[in-house]
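Undergrad: Based on these hints, arrange chain B on the given structure of chain A.
One letter stands for each residue in the lines below.
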Amino acid sequence: MASDSTSPLRAGGVGKTGITRLMPFSTGLHALLLKLGLSSRNCVILVPYIWLTLFFLVPFFIVLKISFAYMTIAQPPFTHFSETGHLSLNISDSYGRLISDRLYIDSYLNAIKMAAISTVLCLLLGYPMAYGMARAKPSTRNILLMLVILPFWTSFLIRVYAWIGLLKNNGVINNILMAVGVINEPLHMMNTNFAVYLGILYSYLPFMILPLYANLEKMDLSLLEAAADLGCKPLKAFFVITVRLSLPGIVAGAMLVFIPAVGEYVIPELLGGPSTQMIGRTLYNEFFSNRDWPTASAVAIAILILLVVPLAIFQRYQDKQMEAAE
Amino acid sequence: MAAEKQKPQSTHTPWNDPQAVPYIRIENVTKRFGDFTAVDNVSLNIYRGELFSLLGGSGCGKTTLLRMLAGFETPTTGKIYIDGVDMAGIPPYERPTNMMFQSYALFPHMTVEQNVAFGLKQDGVKDAEIKKRVAEILELVKLTQFAKRKPHQLSGGQRQRVALARSLVKQPKLLLLDEPLGALDKKLREATQFELMNIQDRLGITFIVVTHDQEEAMTLSTRIGVMNAGEIAQVGTPQEIYEYPNNEMVADFIGSVNLFEGKIVEDEPGHVLINSAEAGGDIYIDHGISSAPGAKVWVALRPEKIHLSKEDIQQPNNCLKGVVKGIAYMGNLSIYLIQLDSGKQIKVTQQNQLRSAEQLIDWDDRVSLTFHPNSPVALLG
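Protein sequences, first through last, are from chains A and B.
Okay, so the first sequence: first residue is 1 according to the numbering used here, each after it adds one.
Okay, so the second sequence: first residue is 1 according to the numbering used here, each after it adds one.
Chain B extracted, bound-state conformation:
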């Protein structure tokens, strides 16, 4: 696991502390629908106060896993424990979890206030207490002046906050959020992300967020579980997942990446040397991986970690040559499409430190691509 590579010791990383007791334990959970395996032997430990994201493309099983935590689906095999209690046979209405639905699922015939109060009413909380807690939570999500409105009289962003308030008001042990920001436009989504983190921080509730948006997962999460075809591909902090993806799929899914196929030439504890015909040269990586020389590997290299130069740089490794085939100007940075001498096209991003008028590299320029030995990641195929 990637977590073993980096060991920043602090109280905020209970997953690195062998003494810490996980709050939610998912043990070998499998869910099959007929012949289709939606969730395949997933085991996860999630700690109190975490904001954990389940990230993956559509059909990867992330929502099914969430629905099993809420109790809407029963695992075919495996166990789920919340705060030490086995959830098998416990129906949704008796679980210490609340869910924020992707469609929000607000009751259309009730006002905002009634929607939020619904959960407390089911628990037989006294009217005065309900009133107080609803008012508090509406204050928190800044909806106080909309309390008497019906859902259809609200904007998408407001509805999303009602759904959040409704799931938070019972102060569940675990809050499950299914694509919570999916229906919002980009600006609102960014603002809401920080609001969500703020609220989570203040209430200290454990969140599990399902999302297909890697940017959202990176911003929000303490840790991310990347899912693929029903399995957990990697679990780690956003930084670990981005910098040390442990397989091709994760590297490709999180952010943008260039992948080169290659063969290991030297494999020492301190470094590896990989020869890649696809890259058109040798790649030197300053951290070792354990494998035999001659083994086939993938080298993942992030576009922003490559330096472009028009000079014809000569160095024995970590230096590729190519021709600029396209430039996409994004404002703060530019994306260059480079055709390497081997014929492979790769992406390189460069900060636009100068104004575009002074842009040095142009279409069809011949360029040298260099990168630090720390930048590439070798992935065993």
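One chain only, chain A, in its complex shape:
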């Protein structure tokens, strides 16, 4: 294939040439698609992209548009840009309020704080679990993996509800502790930050374990032998070699926990108290209680920008690091 560089087919690139060679017959549709610059491979990739454009990018632009509108008592409850004949952009009401009203900044910071603490807790609990799984016998490994995935077979909402039954004042935990005689009056666990942390930790732990496990499982164990051979004690080798090499897994797991935890609504709503003000909950109240769609949209856009931009930069940096490591 490399020798026929004069062939006109080469002009379309190596990948396309390969595919055309595999399919000597060119149907009418296939030829048309090729003319449009779409090889079969590109067509396959196109489907998810169209899906994401329709159901993510388009709604995103609708939200972006609403965030710049004025709130009105109408159906839908916001103005359109050209209603009065000239362009009317509202920044002070929606975005201005995000800065002037401490509620938004506080709930945003609180959400980040709680998500960060939960991520660290997930890592501290998930790393030993993933490590144990990766070093278990291959036959045991699959059973352990199954056990981690098992909770997904029940709805997320139901599992969070179940925690209410466990944590409330006359719930399972308090009843058992009182029956055994450890405590005389019920512990107040429901509607506290503790319950929220517990809920997030419980719900998101598999998202930490799975990427860590995938990473630790494929680690070359002879590296640890090499470290020991060169005089490195096992505990030090664990940090210098194992943890260092599992950084991509740690970052992947941390992102999978941190990002959804920041915007988490269900867990603080069901398990948290009035003081648990997270940005997802604020957004919900803005939208459904206050019916202030422009402000709710502005909150959504703000979360997105404040989360996505630093993460995108971090991801780029991480990609470079991983490239260097492999």
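Hint data in this document are derived by calculation from the structure and do not stem from the laboratory.
Not one of these hints is a red herring.
Covered, in the sense of this in silico footprint (three residues per stretch, anywhere, with C-beta under 8 Å from a C-beta of chain A), are these stretches of chain B:
1. 97-105
2. 118-131
Derived Cβ-Cβ restraints for the label pairs, each shown as a range:
3. A:Thr154 to B:Asp185: 54 to 62 Å
4. B:Gly89 to A:Leu145: 35 to 43 Å
5. B:Gly59 to A:Thr53: 51 to 59 Å
6. A:Leu247 to B:Thr144: 27 to 35 Å
7. A:Asp220 to B:Gly59: 19 to 27 Å
8. B:Glu139 to A:Leu36: 57 to 65 Å
9. B:Arg202 to A:Leu145: 45 to 53 Å
10. A:Asp220 to B:Gly89: 21 to 29 Å
11. A:Leu145 to B:Asp17: 56 to 64 Å
12. B:Asp185 to A:Phe55: 50 to 58 Å
All residues carry an ideal CB built from backbone N, CA and C; glycine is no exception.
TA: Positioned in the frame of chain A, the structure of chain B alone reads:
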């Protein structure tokens, strides 16, 4: 042992000197994994400055033996002494050994320099000293200009040299090499073999090399230990092992060999006469073996020690007849496949002293095969 047959006395052969104190002593070491015995009652003495090869096919226990020396495996029974110290209970990170891994096991997140410096750092060597020693060893393996690269930016040969540098930099009492040249192509392997011998000679470190490549073992080693099914089949210099294999397995494993089954007719101190139906004649060997007449023996005869002739040679022994069934032209030599009158096929190699156009022996020619009484080796079955 084969070593008893040849006695070249020199200072470079401490294994022939009863006064010499072995540097590494392996005493009756056995290693079992469940029901499987990987290493079976192995005893070995290795001397300071030796380049000792453990040679054998896959699963013969050579790597397990090496890993026990490094401390990654514990012997089920038996003892290992390095420089007089019992290694039992001493973890790998406290042993005076370093290992070069078959996969090289370079740390992927560290540069060449950091990889090599890793071992010195663990010992708390001062930064300036580390820098000096790393620079020296990288110079030795000719990698100075690659010091800042990561392993994935290097070729296979370069990685292998990083692994060697990393295991050498601590100047261990014993360097263990697990198939060190396995991943290299033939040309590079040959060049590296000599480099390795050079380095070993200069640093005077004792090397133990595990290999399945008999050519590699022959080139590198002061002595070879041939292993089979967890046991040491024979220990000796490359020459002893090749010329005086002490059993069929060793004869067959090292180089190419023709084996004939036979019966001893005469067994005198100076010679043996063996009748072999398989060879189709009598074989006279000019050195004795101690066994009773009538005993069953194997006669090992190397293909390059047989002379081929189209003449119909008549002599009472060491003369076989056959027909050429195949010729493989290798350039410097040709391999002839000969079918003896007994029906057995054997291999004979001849130097190509003339050009192929003048080649005298052709397919289907009837030939006489003769050999010197010194050439065959009798192996008791």
